[in-house]
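Student: Using the sequences and the hints, build the whole thing.
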Amino acid sequence: MPEHLTHPKYRADIDGLRAIAVLSVVLFHAIRFKGGFIGVDIFFVISGYLISTIIFGNLNRNSFSFVEFYSRRIKRILPALLFVLLASYTFGWFVLLSDEYKQLGKHIAGGAGFVSNFILWSESGYFDNSAMTKPLLHLWSLGIEEQ
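First residue of the sequence shown: 227, per the numbering used here; consecutive thereafter.
Source of the hints: derived by calculation from the structure; they are not laboratory data. The structure presented is a predicted model; accordingly, all values stated were derived computationally and were not measured. Take these hints with a grain of salt, some might be off.
[Claimed, not checked] Derived pair list, reagent style DSSO-like, types lysine-lysine, alpha-carbon separation capped at 30 Å: (1) Lys235 <-> Lys301; (2) Lys301 <-> Lys328; (3) Lys301 <-> Lys260.
[To be verified] Simulated restraints on C-beta separations: (4) Leu276 <-> Phe320: 36 to 42 Å; (5) Tyr296 <-> Phe320: 23 to 29 Å; (6) Asn288 <-> Ser324: 53 to 59 Å; (7) Asp239 <-> Ser350: 34 to 40 Å; (8) Ile277 <-> Phe320: 20 to 26 Å; (9) Arg237 <-> Thr316: 36 to 42 Å; (10) Phe309 <-> His255: 20 to 26 Å.
All residues carry an ideal CB built from backbone N, CA and C; glycine is no exception.
Tutor: Right, dumping it as structure tokens:
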């Protein structure tokens with residue numbers, strides 16, 4: 227399958243926004259930095275902008291293919307995702323209780339299918355105490371982005 231989708235040129239300003247977003251989320255989790263969770267929103271805006279730029283640019287050139295678009299995304303995302311899922315499954319074997327480990331299996335399936343947001347939403351809130359036993363909690367955002 228030829229890969230003819232074109233991508234926007236590198237932009238340092240977008241990387242700067244990514245750095246701010248990462249820092250705000252890390253600080254939020256580390257020291258409860260007020261409003262740090264807004265970094266997630268910044269990531270969604272950046273992703274939406276980049277994905278829209280790719281799609282609309284290729285549609286204008288009559289060269290867009292959904293199959294090719296999602297094939298490239300899967301090739302880019304899946305290796306790292308599978309590593310995280312496997313590492314979490316292995317680590318969970320040693321540190322989680324049996325009920326928590328069973329729940330982790332459900333979260334791994336949801337993560338692999340890009341539907342973690344629905345599974346986690348049906349269980350509890352993002353800031354619940356039970357969030358401490360959900361190492362894949364952050365995959366909700368990947369689910370939303372891929373849907």
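Student: Kindly confirm whether 20 to 26 Å is satisfied by the beta carbon distance between Ile277 and Phe320.
Tutor: violated, 38 Å
Student: Given the hinted pair Lys301 and Lys328, is their Cα-Cα distance within 30 Å?
Tutor: holds, 28 Å
Student: Taking the Cβ atom of Leu276 and the Cβ atom of Phe320, is their distance within the range 36 to 42 Å?
Tutor: Distance hint for Leu276, Phe320 holds at roughly 38 Å.
Student: A range of 23 to 29 Å was offered for this pair. Does it hold for the Cβ distance of Tyr296 and Phe320?
Tutor: Roughly 35 Å apart at Cβ, these two residues miss the hinted range, so it is violated.
Student: Lying within 20 to 26 Å: is that true of the beta-carbon distance Phe309 to His255?
Tutor: The hint (20 to 26 Å, Cβ to Cβ) holds, given that Phe309 and His255 are roughly 21 Å apart.
Student: Is Lys235 close enough to Lys301, meaning Cα to Cα at most 30 Å?
Tutor: holds, 20 Å
Student: Keeping to a limit of 30 Å between CA atoms, is the pair of Lys301 and Lys260 held or broken?
Tutor: With Cα atoms ~36 Å apart, Lys301 and Lys260 exceed 30 Å; violated.
Student: Is it true that Asp239 and Ser350 lie within 34 to 40 Å of each other by Cβ?
Tutor: Given about 37 Å between the Cβ atoms, the range holds.
Student: Is it true that Arg237 and Thr316 lie within 36 to 42 Å of each other by Cβ?
Tutor: Between Arg237 and Thr316, where Cβ atoms are some 37 Å apart, the hint holds.
Student: Is the gap between the beta carbons of Asn288 and Ser324 within 53 to 59 Å?
Tutor: holds, 55 Å
In the structure shown, a violation is registered for the earlier hints numbered 3, 5, 8, in ascending order.
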